[in-house]
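Please build the complex by placing chain Z on the supplied structure of chain Y, with the hints as guidance.
The listed protein sequences derive, respectively, from chains Y and Z. Sequential numbering from 1 applies to the first sequence in the numbering used here. Sequential numbering from 1 applies to the second sequence in the numbering used here.
To be clear, the hints were calculated from the coordinates, so they are not data collected in a lab. Some hints could be false.
[Stated by the list, open to error] Simulated crosslink set (BS3-like; lysine-lysine; CA at most 30 Å straight-line):
{"id": "1", "chain 1": "Y", "residue 1": "73", "chain 2": "Y", "residue 2": "251"}
{"id": "2", "chain 1": "Z", "residue 1": "243", "chain 2": "Y", "residue 2": "126"}
{"id": "3", "chain 1": "Z", "residue 1": "61", "chain 2": "Y", "residue 2": "55"}
{"id": "4", "chain 1": "Z", "residue 1": "61", "chain 2": "Y", "residue 2": "150"}
{"id": "5", "chain 1": "Z", "residue 1": "61", "chain 2": "Y", "residue 2": "114"}
{"id": "6", "chain 1": "Z", "residue 1": "243", "chain 2": "Y", "residue 2": "171"}
{"id": "7", "chain 1": "Y", "residue 1": "116", "chain 2": "Y", "residue 2": "126"}
{"id": "8", "chain 1": "Y", "residue 1": "73", "chain 2": "Y", "residue 2": "171"}
{"id": "9", "chain 1": "Y", "residue 1": "150", "chain 2": "Y", "residue 2": "114"}
{"id": "10", "chain 1": "Y", "residue 1": "114", "chain 2": "Y", "residue 2": "171"}
{"id": "11", "chain 1": "Y", "residue 1": "126", "chain 2": "Y", "residue 2": "114"}
{"id": "12", "chain 1": "Y", "residue 1": "171", "chain 2": "Y", "residue 2": "126"}
{"id": "13", "chain 1": "Y", "residue 1": "55", "chain 2": "Y", "residue 2": "126"}
{"id": "14", "chain 1": "Y", "residue 1": "150", "chain 2": "Y", "residue 2": "15"}
{"id": "15", "chain 1": "Y", "residue 1": "150", "chain 2": "Y", "residue 2": "126"}
Next come the chains, spelled out residue by residue.
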Amino acid sequence: MATPHAAGQPVLELKGIGKEFGAIRALHGVDMRILPGEVVGLMGDNGAGKSTLVKIIAGNFLPSHGEIRFDGKAVHFARPIDARAVGIEVVYQDLALADNLTAAANVFLGRELKRKLGPFAFLDHKAMAARALELFGELRSETRPHDLVKQMSGGQRQAVAIARTRLSNAKLVMMDEPTAAISVRQVEQVLSLIHRLKEQGVAVMLISHRMPDVFAVCDRVVVMRRGEKCADKAIDDTSPEEVTSLITGAKEAA
Amino acid sequence: MATPMESPITFTNIGKAKWWQSGFFASQTGYVLIALVALFVVMNFASPYFFTEGNMQNVAKNFSFIAIATLGVTLVIITAGIDLSVGSMMCFSAMITSMVMTYISTPGTPGAEWFVHLAADGKTVVANVPGLILLVSVLAGLGVALMVGLVNGFCIAVLGLSPFVTTLGMLSIVRGLGYVVSNGRGSFPGGPDADYFYALTSGVVLGMPVSFIYLVVLAVAMAVVLHHTSFGRHVFALGGNEKAAALTGISVVRVKVEVYVICALAAGLQGIIISGWLGSAPANMATSYELNVIAAAVIGGANLAGGVGGPLGAIVGCVLLEVIRNGLVLAQVNSYWQQTLVGVIIIAAVLVDRIRSRMA
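Chain Y on its own, in the form it takes in the complex:
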C-alpha cells in the first residue's frame, strides 16, 4: 500500500540520542527514522530504555546527547506542549483521561472550542460533540460524545485517547502499551484504530510487550536492549522468535 509521502523525508529522525540520569546511562547512541504513514513497533525488556526514548520524543526530558529532527528541522522540546505544537501526540499507558468528564470533554481537554459572547468565551458544546462524534466515526468506535468516560469499556477509552490525537493534524502518534490492559475484542479494535491512522498518513510508534500485536500492525520493529538499539528490521524480514531472542539478548544484534 502506497502512503502519500512514501519515499519522502522522515517525519521523525533521531541522531545519536543519549540520556544519562546521574551515573546511570539510560540511552546511548540511538538513531532512528520514521516515515509518514509508517507503523514502527518499539520493543524491549523492562529497563531497556523504551520509556526514556518515548519521553524524550514527547518532550518530558531533554536528551543529554544527540539531535531530534522533526519534519526535517532540528527541534528542542522543553515541555510536552512543545512537542504537541509541532505535531507529536502521545497516548499514555494510563490514557490520561478524566473519568468524571464526557468523552467529548476529554477529547477537547485543554483545547476546548469556544464561542465569544461579548467579553466572555463560552464552551461550544455542540461543535465539540459533533467533532468528537466525527472522530469516533473515523476510528470506527461506538462511542457517544456525551457519555461519561467512567462508564466506558477499555476499548472505548482507548478510542477517546486516540481521538484526542486526531484533533490537531498530528504527524506522529506514539502509543505506550495500548493493548496491555484490555480484552481480546478490544485489542482488535485498537489495532484497527492504528490501521486507520496509518491510512491517513500518520506515523505511529507502538510501544508494546505483546508480540502478536506488533506483528499484526507494524511495518518495522525496533528492538532496544540495555539502552541501545540492537535491531531495526522490516517486519517481513524477521520473526517473533528472532525478536524474542533480540530482546533477551540471546542474539546480540541483527
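Then chain Z, alone, in the frame of chain Y:
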C-alpha cells in the same frame, strides 16, 4: 485504499443510558434534593408555623449565612482540595472591613480627611462622598481575603503542600491575625456609611433577605462558569485526574491558585455579610464554621475525592442543615440533638451514594 469514511457510526452494542440513570437524577445532589422536598412536606404537617412567611424568611436568611462560603468551598472540593480556613477568613475579612470603616470615618485620624469632614455643628460626621467609605472598607476586607487565598494557592499549587495541612495552618494564622489586629476586642461598623452597610448586608428586598439574593446571583454565575467555560471544565478535569489535566496542557498551578482565591473571597464576603447581620465583628466570630460549610458541601454532593459537585448541591446542603435545625426547634426537640442529627445526615448522604454506585 482508504476505507470509506462516510458510513455513519452506529451504536448496536452501546445502549443509551436512561434519563434517570444519568446526569442530575443519578447524582447525590438529586436525591438529597428529593429528601429535602420530603422534609419540607413532613415539616408542613409537623408544624403549622413552618410555612409561615416569617419562618421561611428566617430559614432563607440563616442558610444564606453559610451558603456563599459553601459555594467557594465546593469549588475547591471539586478540584480534590479542601479549605479549612474559611471560618477564620470570614471573621478576619469582617473585622478588617469594620475596622477600616471605623478608622476612616473618624475625623482627625491620618487619611480620614479624604473621606469625612465635620458638619458645621462640630459634632456630626459627614461623608465627603456617600458610599465611598463603604466601598473602600469592603474592598479592604475582600483584599485581605484575596491575599490569604493567594498564599493558600501558592503553598498548595506551587510548593506542593497538602491542602489539608496548608489550610489548617491558615485557619490558625488568620484567626491569630484577627486577634492581633483587634487585640481580642470586637469591632463595629461605624461612621456615616454604617446605614448603607446594614442595608446592603441584612436588608430585605421584595420580601427576600439581601444575602439570599447575593447567593442566588453567585450560584447562577458559578453554574455558568463551571459548565460553560474552559476554566470550569479544567476545574472538573483537575479533580478527576490531575496528571491527565497536566499532560493535556492545562495550567494546573493557575487553576488551583484561582480556586483557592475564589474560595477565600467567597468566605470574606460571607463574613462581611454576617457582621452586618450581627452588627459587629467579634474576634471569635464564625469559629468552626468551616466544619458546617464543608458538611453542607459534602451533603450536597461534592465529593472529597474530587471531580464532582456544583452550586445547586452546595445550596441544597445548606438548606437541609438549616431546615433540620429550624424543624427541630419548631418540633420542640431538645436542640442538643441537632448536631448529632447533622452528623447522621452527613454519613447517610454519602452512604446512599455509595450504595447507588455499587448497584449501578
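Looking at the structure, which of the earlier hints fail to hold? 1, 3, 4, 5, 13, 14
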